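Here are the chains, one letter per residue:
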Amino acid sequence: MDTIIQIRDLGKTFTGKDNTVEALKNINLDIHKGEIYGIIGMSGAGKSTLVRCLNFLERPTTGTVLIEGQDLSMMNDATLRKTRTQVSMIFQHFNLLMQRTVLENICFPMEITGYSKKDAKSRAMELLEIVGLTEKAQAYPAQLSGGQKQRVAIARALATNPKILLCDEATSALDPTTTKAILKLLKEINEKYGITIVIITHEMSVVQEICTHVAIIEQGELAEYGTVEDVFTNPHTDAAKKLVFQTEQGVLHMNGKRCIRIVFNEISSFEPVIGNMVLECKAPANILLADTRNINGIAHGQMILQLPEEEHLANKMIHYLLERKLTVEEIDDYVG
Amino acid sequence: MWDKTTILMLIEGIGATLQMTLMSTLMAYVLGLPMGIALVVTAKKGLRPNPAAYKLLDMIANIVRSIPFLILLILVIPLTKVIIGKSYGSTATIVPLTIAAAPFIARLVESSLQEVDKGVIEAAQSMGASTKTIILKVLLVEARTSLIVGATIATGTILGYSAMAGVVGGGGLGDIAIRYGYYRYETDIMLVTVVLLVALVQILQYIGMKLSKKLDKRITG
Numbered sequence: 008m009d010t011i012i013q014i015r016d017l018g019k020t021f022t023g024k025d026n027t028v029e030a031l032k033n034i035n036l037d038i039h040k041g042e043i044y045g046i047i048g049m050s051g052a053g054k055s056t057l058v059r060c061l062n063f064l065e066r067p068t069t070g071t072v073l074i075e076g077q078d079l080s081m082m083n084d085a086t087l088r089k090t091r092t093q094v095s096m097i098f099q100h101f102n103l104l105m106q107r108t109v110l111e112n113i114c115f116p117m118e119i120t121g122y123s124k125k126d127a128k129s130r131a132m133e134l135l136e137i138v139g140l141t142e143k144a145q146a147y148p149a150q151l152s153g154g155q156k157q158r159v160a161i162a163r164a165l166a167t168n169p170k171i172l173l174c175d176e177a178t179s180a181l182d183p184t185t186t187k188a189i190l191k192l193l194k195e196i197n198e199k200y201g202i203t204i205v206i207i208t209h210e211m212s213v214v215q216e217i218c219t220h221v222a223i224i225e226q227g228e229l230a231e232y233g234t235v236e237d238v239f240t241n242p243h244t245d246a247a248k249k250l251v252f253q254t255e256q257g258v259l260h261m262n263g264k265r266c267i268r269i270v271f272n273e274i275s276s277f278e279p280v281i282g283n284m285v286l287e288c289k290a291p292a293n294i295l296l297a298d299t300r301n302i303n304g305i306a307h308g309q310m311i312l313q314l315p316e317e318e319h320l321a322n323k324m325i326h327y328l329l330e331r332k333l334t335v336e337e338i339d340d341y342v343g
Numbered sequence: 002m003w004d005k006t007t008i009l010m011l012i013e014g015i016g017a018t019l020q021m022t023l024m025s026t027l028m029a030y031v032l033g034l035p036m037g038i039a040l041v042v043t044a045k046k047g048l049r050p051n052p053a054a055y056k057l058l059d060m061i062a063n064i065v066r067s068i069p070f071l072i073l074l075i076l077v078i079p080l081t082k083v084i085i086g087k088s089y090g091s092t093a094t095i096v097p098l099t100i101a102a103a104p105f106i107a108r109l110v111e112s113s114l115q116e117v118d119k120g121v122i123e124a125a126q127s128m129g130a131s132t133k134t135i136i137l138k139v140l141l142v143e144a145r146t147s148l149i150v151g152a153t154i155a156t157g158t159i160l161g162y163s164a165m166a167g168v169v170g171g172g173g174l175g176d177i178a179i180r181y182g183y184y185r186y187e188t189d190i191m192l193v194t195v196v197l198l199v200a201l202v203q204i205l206q207y208i209g210m211k212l213s214k215k216l217d218k219r220i221t222g
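Chains as they are written, first to last, in the numbering used here: chain Y, 8 to 343; chain U, 2 to 222.
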């Protein structure tokens, strides 16, 4: 697959009056054509800065970004602006022009690139149909709901036929149902038009819902990256574990007895593994957490078990689970 | 006192005051609007940060604004003579009024433009918009309600200043008030001019507010 975004040794330092903040450190990442790449991290991790470096809204202090092999740091102003028409962006707070109608908002990027008024208008109507808001063409943004505003922003972002769509916390201001609908729309756009999408988020659920790949940013550094499935089934770093274990109640704290985390794949879901394990070992295990997540249409279950205190029973259980080809991981060292 | 000449004089006074005010406001915007835009664009977090240019504009705005208008009126008499050919009358007053109002307007424009959501500017940048496009199509359009409110305030203030120009024979209602009310102790005429000035400000304010509301698309329903 073609690499469309190459991030090379990227670093960004903000110099304040009495302190300097290293927002990003030595980031290297390749994003390929057609991928939906999630960049996830806690707030303040530097992910928003990173996405702004991808179109040079923020100029990196060190390193560079290549879009389709073209180095952004070598471009003059005009070329950079032209490249930006191919790298669209949507935002958490939509950033629509409040004094323009929906239709005029979508026409705006086309005015910049020099479409004729007539062409811009007919393309804008087409886009409104794609995002399902044809009847709102003459409305002003103030008259729309959050989800509708983001649909307009998406239509506007698609106007110039970009190759890349950057989403900066695009669903963070929306309720869960609207979030789902917007993510579905993004996925459709990705599939239909082959647009590469980069999604910045702090929610694992967003990554699970639509991303093919994920990169985890912690304190300005790239902690871990890979396909969503790999990172989810086998997180290596603390940052990744923290995000994978993230539940609606927050992060679980476990200490005391030995705990293990099991990941079920589609094959293992057919057999009542835990029940059989308890029967086989004749000892109970305490279920601390269990949930099923849908990653790209495949159900992945995870469970955290607290094992009996007797060493041989615990080992027997782990052995039993490993025999069933489940991913088992001891997490007794893991705290929040 | 309510003879034909007095009434005619007052009507002419209203005309002269309006002419001075509107002409000065217009001229002051010709200078002040670009200056206000330049202040926003060259500011530290502006589209094209330029500390030297910002500092210069900032200083000019502060210096001119700190000179009392009455003093400025006298200071610029030589300049007025060069531009208009005479230093008295309502046309001549336009010169000091413009000079005094331009930095004030620049500040009003600056604060209006600063209100524009940074996110919207960022969105325009992400679409590849040039600085010129952002100024013309984002800043000025998004801030138009606030700009019109600012213009209304500016017009009212300039109208007040124009009355002050009466002291040096500036013409208009202020001139009448000073000549009749102050020099000739005809208090009733002075009161009438004051009432007329108040009415003018009210009308201008009403028109400005109506217009800004009508053009604001952020209000629903």
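To be clear, the hints were calculated from the coordinates, so they are not data collected in a lab. Small disclaimer: the values here were computed from a predicted structure and weren't measured. Careful, some of the hints might be misleading.
[Stated by the list, open to error] Label-pair distances were calculated between CB atoms; the ranges are: (1) S129/Y x G16/U: 33 to 41 Å; (2) I154/U x H39/Y: 52 to 60 Å; (3) K45/U x N303/Y: 43 to 51 Å; (4) M60/U x D84/Y: 53 to 61 Å; (5) E133/Y x M60/U: 26 to 34 Å.
Just so it is clear, CB atoms sit at the ideal spot from N, CA and C, and this is done for glycine as well.
Hint by hint, here is what the structure shows:
Taking the beta carbon of each, S129/Y and G16/U are about 51 Å apart, not inside 33 to 41 Å as hinted. Taken as a hint, the range 52 to 60 Å holds for the pair I154/U and H39/Y, whose Cβ atoms sit roughly 56 Å apart. Look at K45/U against N303/Y: about 45 Å separates their beta carbons, and that is inside 43 to 51 Å. For M60/U and D84/Y, the Cβ-Cβ distance of about 29 Å falls outside the hinted range of 53 to 61 Å, so the restraint is violated.
In this structure, E133/Y and M60/U break the distance hint of 26 to 34 Å, their C-beta atoms being roughly 52 Å apart.
The earlier numbered hints that this structure contradicts are 1, 4 and 5.
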